[in-house]
Amino acid sequence: MPSSLLYLIATLIWGSTWLAITFQLGVVPPEMSVVYRFGLASAMLFGFAKLRGLPLRFSPRQHAFIALEGFLLFSLNYVLVYFAEVHVTSGLVAVVFSTATLFTVFFSAIFLRTKLNGAVLFGSLVGIFGLGIIFLPELTGFSLEGSRTLGFGFAVLSALSAALGNIVAARNQRNELPVVQTVAFGMLYGTLLTLAYALLSGTTIVFEPSVSYIASLVYLAVFGSVISFVSYLTLLGRIGPDRSAYIAVIIPVIALVLSAFFEELRFSSLQFFGVALVIVGNVLVVSRRQKAAIPAAAK
1432 MPSSLLYLIA
1442 TLIWGSTWLA
1452 ITFQLGVVPP
1462 EMSVVYRFGL
1472 ASAMLFGFAK
1482 LRGLPLRFSP
1492 RQHAFIALEG
1502 FLLFSLNYVL
1512 VYFAEVHVTS
1522 GLVAVVFSTA
1532 TLFTVFFSAI
1542 FLRTKLNGAV
1552 LFGSLVGIFG
1562 LGIIFLPELT
1572 GFSLEGSRTL
1582 GFGFAVLSAL
1592 SAALGNIVAA
1602 RNQRNELPVV
1612 QTVAFGMLYG
1622 TLLTLAYALL
1632 SGTTIVFEPS
1642 VSYIASLVYL
1652 AVFGSVISFV
1662 SYLTLLGRIG
1672 PDRSAYIAVI
1682 IPVIALVLSA
1692 FFEELRFSSL
1702 QFFGVALVIV
1712 GNVLVVSRRQ
1722 KAAIPAAAK
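Taking the working numbering, I'd label the letters of the sequence shown as residues 1432 to 1730.
No false leads were slipped in.
Dumping the calculated SDA-like pairs for lysine to any residue here, alpha-carbon to alpha-carbon at most 20 Å:
id: 1; residue 1: Lys1546; residue 2: Val1717
id: 2; residue 1: Lys1546; residue 2: Gln1604
id: 3; residue 1: Lys1481; residue 2: Gln1612
id: 4; residue 1: Lys1546; residue 2: Gly1668
id: 5; residue 1: Lys1546; residue 2: Leu1556
id: 6; residue 1: Lys1481; residue 2: Ile1658
id: 7; residue 1: Lys1481; residue 2: Gly1470
id: 8; residue 1: Lys1481; residue 2: Leu1471
id: 9; residue 1: Lys1546; residue 2: Ile1670
id: 10; residue 1: Lys1481; residue 2: Val1653
id: 11; residue 1: Lys1481; residue 2: Val1610
id: 12; residue 1: Lys1546; residue 2: Leu1533
id: 13; residue 1: Lys1481; residue 2: Leu1608
id: 14; residue 1: Lys1481; residue 2: Pro1609
id: 15; residue 1: Lys1481; residue 2: Val1611
Derived by calculation from the structure, the hints in this document are not laboratory data.
Take these sequences, add in the hints, and give me the full structure.
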């Protein structure tokens, strides 16, 4: 599958998950929704691997790195985002989380020994600035007071978790760990870790048997987890974690466009300018002239 199609699949699906997640909120605690989502997704991937006869045996060392990937990408990352949105607006969380692109660029240079790409770095900055303009109404007047400081901190930690997860995923692929099986085990480990946290924190284990909750859960598991993460991590292995991470900037824009169709959201001229900057940043980051390089020696 062409890299451009993998990029498109991940951005469109993850942009739509923002709407699907709204049907998950209410009765079921966020932590348990994460457990149900990735638990179901992991089961489907294991079923697919078994059906295709894909090998599922790995060494203890390989399992350790798969578990680390699962903890960062499928557990800590999502739980922190939920925690952040309890204290601050989703717009602020989106802008702060988009800095995962910058963290990934620097972490890639530090841990994977890739060359610091000026065009990718500049494109990421342009995109994040554009995203800030889009969410300017939500950012205006924000101050680090009371619980907002905590929410801001959770958002930053979530971005760091996602960036480090990208690096571990790139490292695993360079060590010839297959994407499908790695994601299956990673989601399983992430599910178990999130469940352990929920139990230790006294979270109520409940399930909402409504049509809207079950339908959104299935969509988030099949499309928002299985298809999107396999596509994204395959793309990450091809073009590098620094360039593929720009998806974090694109996703909120896709979500806003969908809101314009389904929730009658109206864009201002300033927001259109912000969208234009995000697009320019995207062109700079994923231009074919940029070369991804993840040294095989980075183990």
